[in-house]
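J.: Here is what each chain is made of, one letter per residue.
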Amino acid sequence: MRNGWREPSRLAVGGSTLAAVVVLWYLATTFTQIIPPVYFPTPAEVLQAFRQITVQGYADGQLQQHFLHSCWLVLMGFAAAVGLGVPLGMLMGWSRRAEALINPVFLLLRPIPPLAWIPLAIVWLGLGDAAKVLVIWFAAFVPAVINSYAGVRSIEPYLIEAARSLGIRGAMLVREVLFPGALPLIFTGLRLSLQACWTTLVAAELIGAIVGLGHVLYQAGLDLFPAMIVVGMIGVAIAGGLMTTALGRLEAWSMPWHRR
Amino acid sequence: MSNIIFDRVARHFRRNGVDLAAVDGVSFEVRKSEFVAIVGPSGCGKTTCLRMAAGLDFPTAGSVTVGGKPVTGPGPDRSVVFQQFALFPWKTVVENIDFGLRAARLPLTERRERVGRYVDLMGLKGHESAFPHQLSGGMQQRVAIARSYVLDPDVLLMDEPFGSLDAQTRVVMQEELIKLARVSPRTVLFITHAVEEAVYLADRVVVMTRRPGRIGEIIDVAKVRMDEHWDRHERVEDVMDEASFVHLRTHIWRLLREQQSRNEQ
Ligand SMILES: Nc1ncnc2c1ncn2[C@@H]1O[C@H](COP(=O)(O)OP(=O)(O)O)[C@@H](O)[C@H]1O
Ligand SMILES: [Mg+2]
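Chains as they are written, first to last, in this note's numbering: chain H, 4 to 263; chain R, 8 to 272.
Fair warning: there could be bad hints in the mix.
Heads up, simulated EDC-like pairs for lysine to aspartate or glutamate below, C-alpha to C-alpha not over 20 Å straight-line [what the hints assert, rightly or not]:
id, chain 1, residue 1, chain 2, residue 2
1, R, LYS39, R, ASP227
2, R, LYS39, R, ASP159
3, R, LYS98, H, GLU254
4, R, LYS98, H, GLU164
5, R, LYS76, R, GLU167
6, R, LYS98, H, GLU159
7, R, LYS39, R, ASP173
8, R, LYS98, H, GLU179
9, R, LYS39, R, ASP84
10, R, LYS230, R, GLU41
11, R, LYS186, R, GLU41
12, R, LYS186, R, GLU117
Just some of the chain H residues that point at chain R, by a computed CB distance under 7 Å [to be verified]:
id, residue
13, LEU162
14, ILE163
15, GLU164
16, ARG167
Non-contacting residues of chain R with respect to chain H, defined by C-beta distances greater than 12 Å in every case (computed) [to be verified]:
id, residue
17, PRO83
18, ARG109
19, ASP245
20, TRP260
Hints in this document: simulated from the structure, not taken from any laboratory. This structure is a prediction, so every number in the text was calculated from the model and none was measured. Built from N, CA and C at the ideal position, the CB exists for glycine as well.
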């Protein structure tokens with residue numbers, strides 16, 4: 004069903020919607036000028052800005068550099084958050100004692116929006132990459148922990164009892180029962196984490212950065228250069244979209260049993 | 008092979024600060040390679056008894072021993088078939104059946120041989136690499152039964168294994184279980200609320216009373232089955248047509264009904 008005729012037709016619908024938006028954009032800004040170019044750039048201007056940033060560069064780098072740098076930071080922060088958050092969340096889900104120990108810290112940290120950590124991160128680590136990775140890590144960490152915790156808790160108790168009476172213990176229990184059982188919710192957490200990563204990264208780069216898509220946005224704002232702002236926004240959208248798609252692929256691939 | 012002895016077993020739960028006796032003073036034995044079924048109204052403590060034999064729950068008073076040793080937890084000598092099948096959704100049919108063998112660190116060749124045998128016996132050929140959700144309920148329960156038998160346990164504990172199957176599938180599974188019990192006899196504690204199922208499958212039927220669960224009566228079916236040659240029939244319905252079968256069934260029905268009315272008064 005999913006790979007039959009539905010997939011191409013969905014692509015076609017998506018493509019035509021996108022094309023329609025571009026046409027409307029052209030009509031509104033260039034043809035009729037309902038939206039004055041001071042507020043929103045025309046497609047031609049955006050194309051021009053795109054050419055400028057890819058060839059000559061803008062805000063101390065070419066688009067590729069900004070794009071890859073931002074992706075790299077998100078990946079680092081995300082990986083660190085997942086690598087630490089998923090095991091911690093699973094441990095809390097499994098052991099009441101671990102939960103009792105760690106949960107109070109979480110109750111304290113959870114209401115603090117990740118963006119509120121940016122100033123402290125800058126004070127600690129300056130305007131470089133380390134501060135950004137720290138903030139991204141923090142943004143992704145909380146959803147990763149909470150959903151892994153919920154994932155382990157969502158496993159039917161009779162499945163764990165079945166495992167115990169089959170003699171499954173230790174690493175085998177974690178790897179082959181708890182982890183796959185928690186996986187659907189773990190992925191929910193990862194999707195939330197990834198979104199939070201991008202939000203936080205752009206915010207952190209807006210405040211201060213040397214390269215990165217957020218830095219492009221910041222510079223273009225200072226220069227009153229709407230076309231470049233739009234290029235930066237499209238860059239963020241594409242980077243976020245690519246990573247979300249990759250995560251979706253990974254999810255489908257790692258849970259062949261999971262019917263949706 | 009091992010026997011199971013329940014000796015003056017009681018299990019109390021605390022619920023909202025109130026003490027609730029789920030089972031009280033239960034004593035009976037499942038002898039070596041005997042098939043014993045417990046019947047009783049829902050909530051009378053059947054599952055609680057089985058869980059105590061499985062080592063998933065423990066008595067408040069009295070003792071449960073398997074093969075002469077008190078039960079201290081789950082063990083490879085006992086395996087459990089749950090009403091909800093309890094298959095691992097992320098494992099294929101073969102992986103589910105093989106799981107306990109891997110945990111026991113059996114060599115690959117032996118695992119292959121044993122899994123293959125039970126795939127054949129339970130009619131699972133062709134479904135080896137299916138995931139549980141791709142199978143019907145009856146097929147899923149075959150996998151669960153295979154997963155228990157393949158471990159070659161001394162004792163099998165089954166908690167309403169056919170309870171969620173439709174009537175036709177249920178009958179087929181009952182026949183399969185009888186066949187399996189003949190091929191490889193085991194000590195079986197089988198829980199059901201279906202009286203016919205109990206009489207058809209069991210050597211003895213333990214009738215439990217409404218809460219707190221106690222033993223009402225123990226009925227020797229094996230003797231009647233032998234004397235009346237039920238085994239000459241291949242099909243459930245032919246056995247159920249025997250006058251001796253109807254007689255036993257009605258007797259157990261009456262026992263359960265009496266409790267019901269006593270309870271309502
Ligand atoms: N973990 C538990 N906590 C509190 N009460 C329980 C628990 N398990 C079972 N009970 C109670 O014990 C009684 C017997 O339950 P159970 O053994 O499941 O009955 P059956 O299997 O015969 O339907 C029921 O009243 C049930 O509510
Ligand atoms: Mg029950």
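J.: Quick one: which hint numbers does this structure break? Sort them smallest to largest.
T.: 5, 7, 12, 14, 17 and 18
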